[in-house]
Amino acid sequence: MSRLQNKFNELQSGNKKGLVIYLTAGIPNADGTLEAVKAAVDNGADVIELGIPFSDPMADGPVIQAASYEAIQKGMTLKKVLELVREIRKFTQVPILGMGYINVMLNYGFEKLAVDAKTAGLDGFIIPDVPHEESGDMKKVCKEQGLHLVEFVTPGTTDQRISETCTTADGFIYCVSVNGVTGVRKIDYSPINKVIEHVKKQTDIPCAVGFGIGSPEAAVDAAQRADAVIVGSAVVRLVMENKLDEAGKLIGDIRHALDKKVN
Amino acid sequence: MSKGRFGKYGGQYVPEIVMPVLTELEAAYEKYKNDLEFLAELRKYYVEYAGRPTLLYYAEKLTKHYGGAKIFLKREDLLHTGAHKINNALGQVLLAKRMGKNRVIAETGAGQHGVATATVAALFGMECKVFMGAVDMERQKLNVFRMKLLGAEVVPVTTGTSTLKDATSEAIRYWAAHIEDAHYIIGSAVGPHPYPTMVRDFQSVIGKEIREQIKEEAGGRLDYLIACVGGGSNAIGTFYEFRNDESVKKFGVEAAGRGPAVGDNAQTLSNPESRPGVLHGAYSYLAQDEDGQVIEVYSISAGLDYPGVGPEHAMFHEEGIVKYVGINDKEAIDAFQLLCREEGIIPAVESSHALAYLEKLMPNTKKDEVVVVTLSGRGDKDVQQVAKVLGEEI
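As you go down the protein sequences, you meet chains A and B in turn. Under the working numbering, the first residue of the first sequence is numbered 1, with each subsequent residue one higher. Under the working numbering, the first residue of the second sequence is numbered 264, with each subsequent residue one higher.
Hints should not be assumed to be uniformly reliable.
[Unchecked claim] Lysine-lysine pairs mimicking DSS-like chemistry, simulated, CA-CA at most 27 Å apart:
id	chain 1	residue 1	chain 2	residue 2
1	B	Lys266	A	Lys140
2	B	Lys266	A	Lys139
3	B	Lys266	A	Lys143
4	A	Lys200	A	Lys80
It should be emphasised that the hints constitute simulated quantities derived from the structure, not laboratory data.
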């Protein structure tokens, strides 16, 4: 069983909600990313989503766009992201998923990437510009290496697509809370909750809700039906401003709120 | 499972959020593309509003100048709004109307597609938002004002390099958040399926007219076709009709800018350095650095400086159906001036790249041969920039 599956099993048996923290690799710099991962894990992150910077991040809002741009300016590359993963593995076994856009991965060579990622200690990928229709080959390659390839559902995903996704989903299902891009805002979670209920009838794979969640209150609200929440922009903004303590505190507060709500 | 492939190129590399609306668009397009009523309405607007068919003009003086094959110009520059972009904008707005959308969005680089979209939005009473890089807005103030006059809102994009590729990403992001009531009128034969096919179909009226007109003008003889390629919509519209005519040699002219160095040109197919990748939803050729980051490309022509190219061109390139070549800034400006003086026609700087290829092609042609150059747009928008290049103050 993978680190990710173990983690979700552990959460489930403890009746706890999972907390996935997104961090852009190379923000505020390579060493700073290691510090940020440490802070996230120390404050209760269950899974780390490590952002691989891309020049044209189509699914991301202003904060992660800016972080991605800055990371590229500072010389972050996919190869260096894998080096960071090796470094992270020296101090934690937290599940880590590489979140990035397909062009950078194809440029590296997807099969080579899967091998190198596995060796470095990565647990899988989240690729927002690869929908179900285009993921076939990548799924095969990931499976061979024992890596997860996370799939998405959104409030607009049709029932038929939900069923298709449920049959192939792996690791967890990324439930996008709202039509739009990443970034903190007030969100009505009822549409995605309906989708999650639909998913739950078809598969036991955990559901993680992301997009827009930036506070303990929002996290609790988002976690009603889901097994985990994903927090990105709110943390990245603080890390970009070198406010690692505040980022750690925010993660801790969200952790606390999630635990209190459930127990 | 993957749809909309041209050989191995194309596809739908978009966030899941956009998939339902792409599916909806594909279904609508499949329903209407052969619908007689839809086609009749499109035809009506092509003829009565845009000014189709456009002339196939025999450029006698230019022909004499080169002393080789007979040169004809396909005059897309004579269309309403001054370029071929209106062919696609009209087609898509009619489709959007049938899909029950009440607003349209678009990206624009030089502003030509933005103006075309703002124009059709005004005509059909739709709300219109045009995303434009802040750098481009500064360079193309006149077109920004034209769009505003037409009632469109021009949204400055300040992310990334603040140019066309960023405006396109931003348009897609906005679309993802407004899929219920907004239709995205993409400006070139790029993007996720069904856009490359749909835009090609709307633009292929160019090639179909050439086929008919060349019968009258030259007894059906046609040996060479030339069109400029940025994203590649006027070129695919010109070539598609002739894709199986092996006797017609087809040249797609890309912008060689100020030199071969990375970032100094906008050659995606004719540059040995560029290789396939994914940008804005399609797998095609792409200007990227060694880490897979999309690079900012350069051309004197704002309509050609896009780092990607339509996926069908990638296939035509690989299969040798079209030969892709580069023309630099200087060659394009020379051709711009030549057409002004020889024929009294001011061409767009984009189209001047296609015209400039005549310098290379004509010495190898025979007098009884026939070449057609697609003059994709008129050059009024470019005179200020050309004056600057020529050191004139206006």
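Hints, verified against the model:
no.	hint	result
1	B:Lys266 / A:Lys140	holds (19 Å)
2	B:Lys266 / A:Lys139	holds (18 Å)
3	B:Lys266 / A:Lys143	holds (23 Å)
4	A:Lys200 / A:Lys80	violated (37 Å)
In terms of the numbered hints stated before, the structure departs from hint 4 and from no other.
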